[in-house]
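Given chain W, work out where chain S with the ligand should sit, using these hints.
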Amino acid sequence: MKKTPSSAKTKISLFVLLVIFITIALSLAAIIFAIQAFSTGQELVAGYLLLIGFLAAALSTYVLFQTRKRMLHLRIKTPPITTTIECRKCSFKSVRDFQRGDYIFKEVDPCQKCNENMLITAIYREVKERKEKTRF
Amino acid sequence: MNELAAMTALQNQIMQEPFGEYSWILNVLIYVFFFVFMFYGQKINTYIMLREVEGSLYKLKYIRDDGRKIAVETIKEIGKSQTDPTVRVDRFLEYFTISPQSLDPAGLVWKLEHVLDVRENRFKDEVKLMAPAADKTQTNNLENTLEAAMALNYIYKVIRHFYLLGKKTLSLYIIMQIQMILPLIMREAEAYASALKAFAYGQPIGDGAGALVAAKLMHGQPTRKIAKDCVVATVPIEGRTAYVIKAEGHGGNVGKPGDATKTIIEENEGKIATVIMVDAALKLEGEDVGDIAEGVGAAIGGPGVDQFKIEETILKYRIPIHAVIIKEDIGDAVSPLRKEIFDSVDTAIERIKQVILEKTKEGDKVIIAGVGNTIGIG
Ligand SMILES: [Zn+2]
Chain W
1 MKKTPSSAKT KISLFVLLVI FITIALSLAA IIFAIQAFST GQELVAGYLL
51 LIGFLAAALS TYVLFQTRKR MLHLRIKTPP ITTTIECRKC SFKSVRDFQR
101 GDYIFKEVDP CQKCNENMLI TAIYREVKER KEKTRF
Chain S
1001 MNELAAMTAL QNQIMQEPFG EYSWILNVLI YVFFFVFMFY GQKINTYIML
1051 REVEGSLYKL KYIRDDGRKI AVETIKEIGK SQTDPTVRVD RFLEYFTISP
1101 QSLDPAGLVW KLEHVLDVRE NRFKDEVKLM APAADKTQTN NLENTLEAAM
1151 ALNYIYKVIR HFYLLGKKTL SLYIIMQIQM ILPLIMREAE AYASALKAFA
1201 YGQPIGDGAG ALVAAKLMHG QPTRKIAKDC VVATVPIEGR TAYVIKAEGH
1251 GGNVGKPGDA TKTIIEENEG KIATVIMVDA ALKLEGEDVG DIAEGVGAAI
1301 GGPGVDQFKI EETILKYRIP IHAVIIKEDI GDAVSPLRKE IFDSVDTAIE
1351 RIKQVILEKT KEGDKVIIAG VGNTIGIG
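Residue numbers (our numbering), protein chains in the order written: chain W, 1 to 136; chain S, 1001 to 1378.
Excised from the complex, chain W in its bound form:
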């Protein structure tokens, strides 16, 4: 049931990626130049370069993570759905993954122990939900 969406839709456009990586490269260059300028005593220029370098690096990584986050968010996840089968006679119980055609109160193959027809008694999904603590 888990399907990864087709690549055409999930791929971040190549152009955006290119721009992001060029910006990162340029910002790194700016930082290197800043160090150079600092060592030759041009403190003002060094300060500006450093500022520009860090700003550009921060901005581009932010954009990169944002786009990635959006892509991850797109995938709709389905938690596993389990089917519980019970024997009415000896209360033998088995749990398996949901299969197409299952429904609650469907009679399925006979019990392994007593040959009585078994019954689907439950179909549900278990959601592990972090409960946010609020004061209300």
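Keep in mind that a hint or two might mislead.
Below 20 Å or equal to it, Euclidean Cα-Cα: the simulated DMTMM-like pairs (lysine to aspartate or glutamate) are [as the list claims (entries may be wrong)]: (1) 106/W - 1343/S; (2) 106/W - 1135/S; (3) 133/W - 1291/S; (4) 1216/S - 86/W; (5) 128/W - 1291/S; (6) 93/W - 1346/S; (7) 128/W - 1329/S; (8) 1216/S - 107/W; (9) 1216/S - 1343/S; (10) 133/W - 1329/S; (11) 1080/S - 1126/S; (12) 1283/S - 132/W; (13) 1283/S - 1238/S; (14) 128/W - 1287/S; (15) 1359/S - 1294/S; (16) 93/W - 1343/S; (17) 1283/S - 129/W; (18) 128/W - 1288/S; (19) 133/W - 1285/S; (20) 1076/S - 1090/S; (21) 133/W - 1287/S; (22) 1339/S - 126/W; (23) 1339/S - 116/W; (24) 106/W - 1346/S; (25) 1136/S - 107/W; (26) 1283/S - 1294/S; (27) 133/W - 1288/S; (28) 1283/S - 1358/S; (29) 1283/S - 126/W; (30) 133/W - 1340/S; (31) 106/W - 116/W; (32) 128/W - 1340/S; (33) 1339/S - 97/W; (34) 128/W - 1343/S; (35) 1069/S - 1126/S; (36) 1076/S - 1125/S; (37) 128/W - 1285/S; (38) 1339/S - 86/W; (39) 128/W - 1190/S.
The set of hints was computed from the structure by calculation and includes no laboratory data.
Positioned in the frame of chain W, the structure of chain S with the ligand alone reads:
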């Protein structure tokens, strides 16, 4: 302008020290920013909102396309049609229903019911053409799947309409009204997306909690068909005779509990001590999933036809009506049954028994109507 002067003075002081003769550049920049935001602030805001809507629109498009794909695949798998159903599905997704004119509201319910009946029959015929090999259960499930795909398609198209209109006019207010309700719309779209999957696989959904209560009560008893897509079983509970009603399982359908209740009341010539309705209901944020609440009135959603019929009949015979609801949010209601909801069904049964004990005498007849989509519940 006083603050402006003070600000400039402050800047001059701060800037002049380290930047010397270049400080005027910064000054000019600050002024430029100030005026740009003063005159174009709203436009910038509009663009930001537009981008936000665009992002959601991308997601909606993805959800819709995914839904359509699942629907087509399921139809191909189950229907075993000779021809490709894609064209038919695409045409189906554009279907619309016009609700009856309500200028003169007398008799509106019957008109609405008629339109809805025609709609359902048309849908079923359409599904049969798409998937000739599907049996009755599968036809119901496929119809539900397609309806979810239709809803997703509609949501996408409405949001796209407002986005494009907003882009064309650049009017803040057009974009704003859609941006404001966007979080709610996205939740609804996600709910429909998971509903679509549940329908395609035939899994029980949260909305079926009421039907599950009825199924548990009537399990092991012989049932008979009563109204369209509805079954009833006579179950002895606490010395009373209970007519338990639910939609006919295990395909996706809600039946017509209104007609079923009416028929049973009339069969007994109105000698029913009480009607108890069980349904899933929307919870408020902060309430727990699977909480049970009791009340009075006809607990049934949908277009209102069934609620109307039940209310008419019980009024005619002055029968008291009680309701037990199981709380869940919109996402849970249409996605595969959660464990919490499944577990709460037993509590709901206990509460029903309590109501019966308190409100009726031994030997009385009661109606218990389990409302909801019975998909995946036999
Ligand atoms: Zn056994």
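**Message:** If you test the structure against every hint from before, which numbers come out violated?
**Reply:** 13, 23, 28
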